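There are 2 protein chains.
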Amino acid sequence: MSVTDTTIAKSDPDGSLVYRGFPIAEIVKNAGFEETAYLVINGRLPKKPELEAFSAELKRKGTIDSKVIELMRELGSGAVPMDVLRTAVSALGSLDKDEGVGERQTSLEAKMAMLAANCHRVPMGMAPRRPRSDLGFADNLLQMLTPKEASGYEKWVFERVLILYMEHELNASSFAVRVVASTLADPYAAATAGLAALKGPLHGGANEEAMRTLLELGEPEKAGAYVEKSLAEGRKVIGFGHRIYKEFDPRARFCKEYLQEMLKKRGGDDNLYRLCDAVERKMWERKGIPPNLDFYAAPIFYLLGIEIPLYTPIFAASRVFGWMAHYNEQVVENKLIRPDATYVGPRNLKYTPLEKR
Amino acid sequence: MSVTDTTIAKSDPDGSLVYRGFPIAEIVKNAGFEETAYLVINGRLPKKPELEAFSAELKRKGTIDSKVIELMRELGSGAVPMDVLRTAVSALGSLDKDEGVGERQTSLEAKMAMLAANCHRVPMGMAPRRPRSDLGFADNLLQMLTPKEASGYEKWVFERVLILYMEHELNASSFAVRVVASTLADPYAAATAGLAALKGPLHGGANEEAMRTLLELGEPEKAGAYVEKSLAEGRKVIGFGHRIYKEFDPRARFCKEYLQEMLKKRGGDDNLYRLCDAVERKMWERKGIPPNLDFYAAPIFYLLGIEIPLYTPIFAASRVFGWMAHYNEQVVENKLIRPDATYVGPRNLKYTPLEKR
Numbered sequence: 006m007s008v009t010d011t012t013i014a015k016s017d018p019d020g021s022l023v024y025r026g027f028p029i030a031e032i033v034k035n036a037g038f039e040e041t042a043y044l045v046i047n048g049r050l051p052k053k054p055e056l057e058a059f060s061a062e063l064k065r066k067g068t069i070d071s072k073v074i075e076l077m078r079e080l081g082s083g084a085v086p087m088d089v090l091r092t093a094v095s096a097l098g099s100l101d102k103d104e105g106v107g108e109r110q111t112s113l114e115a116k117m118a119m120l121a122a123n124c125h126r127v128p129m130g131m132a133p134r135r136p137r138s139d140l141g142f143a144d145n146l147l148q149m150l151t152p153k154e155a156s157g158y159e160k161w162v163f164e165r166v167l168i169l170y171m172e173h174e175l176n177a178s179s180f181a182v183r184v185v186a187s188t189l190a191d192p193y194a195a196a197t198a199g200l201a202a203l204k205g206p207l208h209g210g211a212n213e214e215a216m217r218t219l220l221e222l223g224e225p226e227k228a229g230a231y232v233e234k235s236l237a238e239g240r241k242v243i244g245f246g247h248r249i250y251k252e253f254d255p256r257a258r259f260c261k262e263y264l265q266e267m268l269k270k271r272g273g274d275d276n277l278y279r280l281c282d283a284v285e286r287k288m289w290e291r292k293g294i295p296p297n298l299d300f301y302a303a304p305i306f307y308l309l310g311i312e313i314p315l316y317t318p319i320f321a322a323s324r325v326f327g328w329m330a331h332y333n334e335q336v337v338e339n340k341l342i343r344p345d346a347t348y349v350g351p352r353n354l355k356y357t358p359l360e361k362r
Numbered sequence: 006m007s008v009t010d011t012t013i014a015k016s017d018p019d020g021s022l023v024y025r026g027f028p029i030a031e032i033v034k035n036a037g038f039e040e041t042a043y044l045v046i047n048g049r050l051p052k053k054p055e056l057e058a059f060s061a062e063l064k065r066k067g068t069i070d071s072k073v074i075e076l077m078r079e080l081g082s083g084a085v086p087m088d089v090l091r092t093a094v095s096a097l098g099s100l101d102k103d104e105g106v107g108e109r110q111t112s113l114e115a116k117m118a119m120l121a122a123n124c125h126r127v128p129m130g131m132a133p134r135r136p137r138s139d140l141g142f143a144d145n146l147l148q149m150l151t152p153k154e155a156s157g158y159e160k161w162v163f164e165r166v167l168i169l170y171m172e173h174e175l176n177a178s179s180f181a182v183r184v185v186a187s188t189l190a191d192p193y194a195a196a197t198a199g200l201a202a203l204k205g206p207l208h209g210g211a212n213e214e215a216m217r218t219l220l221e222l223g224e225p226e227k228a229g230a231y232v233e234k235s236l237a238e239g240r241k242v243i244g245f246g247h248r249i250y251k252e253f254d255p256r257a258r259f260c261k262e263y264l265q266e267m268l269k270k271r272g273g274d275d276n277l278y279r280l281c282d283a284v285e286r287k288m289w290e291r292k293g294i295p296p297n298l299d300f301y302a303a304p305i306f307y308l309l310g311i312e313i314p315l316y317t318p319i320f321a322a323s324r325v326f327g328w329m330a331h332y333n334e335q336v337v338e339n340k341l342i343r344p345d346a347t348y349v350g351p352r353n354l355k356y357t358p359l360e361k362r
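If you read the protein sequences in the order shown, they are chains A and B.
The first sequence begins at 6 in the numbering used here and counts up by one.
The second sequence begins at 6 in the numbering used here and counts up by one.
Everything labelled a hint here was simulated from the structure, so no lab data went into it.
It is possible that part of the hints are untrue.
Identical chains share a label here; the pair holds if one copy fits it or two copies do between them.
[To be verified] Within a straight-line C-alpha distance of at most 35 Å, the following computed DSBU-like cross-link-like pairs (lysine-lysine) qualify:
1) Lys72 x Lys102
2) Lys287 x Lys270
3) Lys53 x Lys270
4) Lys53 x Lys355
5) Lys270 x Lys355
6) Lys241 x Lys270
7) Lys251 x Lys340
8) Lys340 x Lys227
9) Lys160 x Lys361
Please read these numbers as outputs of a predicted model, since none were measured by experiment.
Required output: the full structure, derived from the provided sequences and hints.
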């Protein structure tokens with residue numbers, strides 16, 4: 006059931022994905038994060054001065070002020086990072102003094118890296134990590150997420166994973182963003198709804214759960230029994246299956262390659278790769294279901310030394326660019342999104358006084 | 006286009022509205038706020054002990070702690086009340102220590118009165134208003150919203166208006182709640198998305214704008230020229246028209262009666278009623294469009310001495326009960342809400358290096 010026309014992105018069951026007309030392979034092999042973000046938002050690749058201006062703007066607006074840090078801290082050490090991130094973005098809707106929809110969108114996008122990197126550590130009482138003015142969005146997010154300096158290849162991979170997470174047409178969070186945008190509420194309100202949806206285990210939460218499962222298994226040899234047991238017990242194997250992709254998720258394929266290459270460059274064992282591959286093969290053999298992006302992004306984040314509760318916030322930090330593209334597309338020829346429901350309850354009931362029930 | 010079955014509520018173009026099978030007239034003439042809330046959430050009218058237990062629970066959980074007050078205050082005096090309310094509810098998703106979905110829902114519902122009553126004054130640096138343990142939800146909300154003691158009739162009317170705002174099947178905010186619920190995110194996340202949607206001027210914001218217009222007009226004699234001018238300039242007349250109701254909005258009819266009766270009981274002039282009536286008649290004559298709930302709820306709130314920026318938060322404080330009914334209905338037989346979009350953009354574009362653009 007199609008609810009709108011779009012020119013932002015398209016995924017197909019056969020495993021193709023386009024961003025603004027470009028096959029995902031063209032983008033992920035050639036473009037940088039800011040370049041892709043510009044494309045997703047504006048509908049075309051930027052010229053050099055446009056890219057420089059956009060990158061500079063993201064840097065300039067990328068620091069969040071102490072009021073937001075304080076507010077995150079007050080949520081306390083038990084806080085779920087996605088709750089913290091959602092609350093901080095909602096608060097920024099009040100605190101951000103930028104004017105105009107475009108300005109506010111860029112401000113929100115810019116701040117998402119610092120917000121995502123701090124939504125776990127700050128509530129635990131740790132000092133905030135801050136962006137460096139010499140780094141782009143992806144490198145900055147990575148350096149704030151993990152204290153150890155990644156290799157050049159690993160930085161490149163992290164940027165690729167962010168690009169792959171940026172946009173995926175009408176997933177639940179982007180649709181929530183469009184529902185809110187259709188009331189003509191502002192971009193922060195819309196992004197808050199996107200973050201609310203992304204928290205759900207059926208949506209963004211999958212990459213964290215996938216990693217916990219992989220760690221629990223540990224060895225490739227355990228993959229087969231795990232899949233069999235899950236299927237026998239009727240449990241979902243996290244990281245598999247997608248509403249759209251039936252043959253393969255192109256984003257997962259890229260990440261699988263990156264994972265293998267990362268381990269190869271590091272030397273040592275490649276257990277983690279072989280484990281993922283074994284689960285994938287078994288799932289394909291038994292159910293014909295391919296892995297999705299979350300399944301192969303998770304071990305990459307893990308190897309980079311990023312804490313598991315930050316995987317969904319990272320997803321959010323990139324997806325917000327896609328959300329803003331949806332916001333803009335929605336409001337241009339806006340129609341309030343207010344679908345019908347089929348009422349299947351009774352009618353004409355009579356009120357009975359309290360004493361007679 | 007129907008996206009789901011529902012047994013919660015149904016509105017029809019001819020002006021009928023049912024809550025859980027009861028025509029709205031049965032409810033609004035007979036039931037109290039808590040009784041209606043129980044009905045909307047549980048699908049049937051409560052027996053006496055059930056109603057007492059539910060009412061007691063709402064009282065017991067209705068106070069928000071100082072951390073949330075502090076957080077609201079930090080947003081500062083320029084903050085839009087709906088931004089404050091959304092941020093506070095989002096934060097409560099972290100701070101509320103209740104366990105279990107049902108417990109957390111009741112906690113959220115209970116706290117909405119104090120949150121709504123304070124989302125404007127606390128950021129301005131004023132002391133929070135608190136619920137009284139001897140009052141029910143509606144009376145408590147009213148006494149926190151306005152310092153002057155309302156008459157018995159006016160308290161009854163305020164409770165009626167809240168009942169009329171409680172539920173209205175798949176409006177944009179309830180649909181946003183269901184989209185988020187379908188990811189299996191928690192009730193606070195879902196309510197945050199509902200609040201994000203309700204902020205929009207095409208949704209909850211209408212009652213505030215309706216009142217500002219009525220105040221600007223002032224005299225019944227100005228109604229005709231105002232409507233003509235708005236139509237000539239192609240501007241929307243706020244408070245008129247509804248996606249469902251084409252003949253009349255039954256909720257507006259009740260509120261119109263209440264407004265007339267309130268003014269009559271007060272003595273003095275009935276200009277405000279005659280102004281509303283004149284705008285209504287002119288709109289019907291010229292466009293055949295009836296007033297909606299917001300148009301007649303606004304002057305009632307105004308007469309009660311409630312500040313205009315609180316009208317949408319009041320709407321939210323009641324609608325949250327409907328949202329939670331939708332949350333529960335969604336998750337029982339859940340299917341992720343992820344509609345299709347029709348891609349109408351280009352395909353197979355080739356990446357051009359930056360220098361060659």
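Worksheet item: With identical chains treated as interchangeable, where does the CA-CA distance between lysine 340 and lysine 227 reach 35 Å or less: within a copy, between copies, both, or neither?
Response: For lysine 340 and lysine 227, the Cα distance is within 35 Å only across copies (31 Å; inside one copy 51 Å).
Worksheet item: Are the CA atoms of lysine 270 and lysine 355 at most 35 Å apart within a copy, between copies, both, or neither?
Response: between (74 Å within a copy, 30 Å between copies)
Worksheet item: Is it within, between, both, or neither for lysine 251 and lysine 340, if the alpha carbons may be no more than 35 Å apart?
Response: Intra 32 Å, inter 18 Å, cutoff 35 Å: intra and inter.
Worksheet item: How would you classify lysine 53 and lysine 355 at a CA-CA limit of 35 Å: within, between, both, or neither?
Response: Classified as between: cross-chain Cα gap 17 Å, same-chain 70 Å, threshold 35 Å.
Discussion item. At most 35 Å between alpha carbons: which applies to lysine 160 and lysine 361, within, between, both or neither?
Written reply: Between copies only: 26 Å across chains, 70 Å inside a chain, cut-off 35 Å.
Fill in: Alpha-carbon proximity context of lysine 287 and lysine 270, limit 35 Å
Answer is within; shortest intra-copy Cα gap is 27 Å, inter-copy 76 Å.
Discussion item. Cα distance capped at 35 Å. Does lysine 53 pair with lysine 270 within a copy, between copies, both, or neither?
Written reply: This pair counts as within: shortest intra-copy Cα distance 33 Å, inter-copy 70 Å.
Discussion item. At most 35 Å between alpha carbons: which applies to lysine 241 and lysine 270, within, between, both or neither?
Written reply: within (33 Å within a copy, 63 Å between copies)
Discussion item. Please sort lysine 72 with lysine 102 into within, between, both or neither, judging by C-alpha distance up to 35 Å.
Written reply: Both, since 13 Å and 24 Å are each at most 35 Å.
Every hint, counting from the list given before, is met by this structure.
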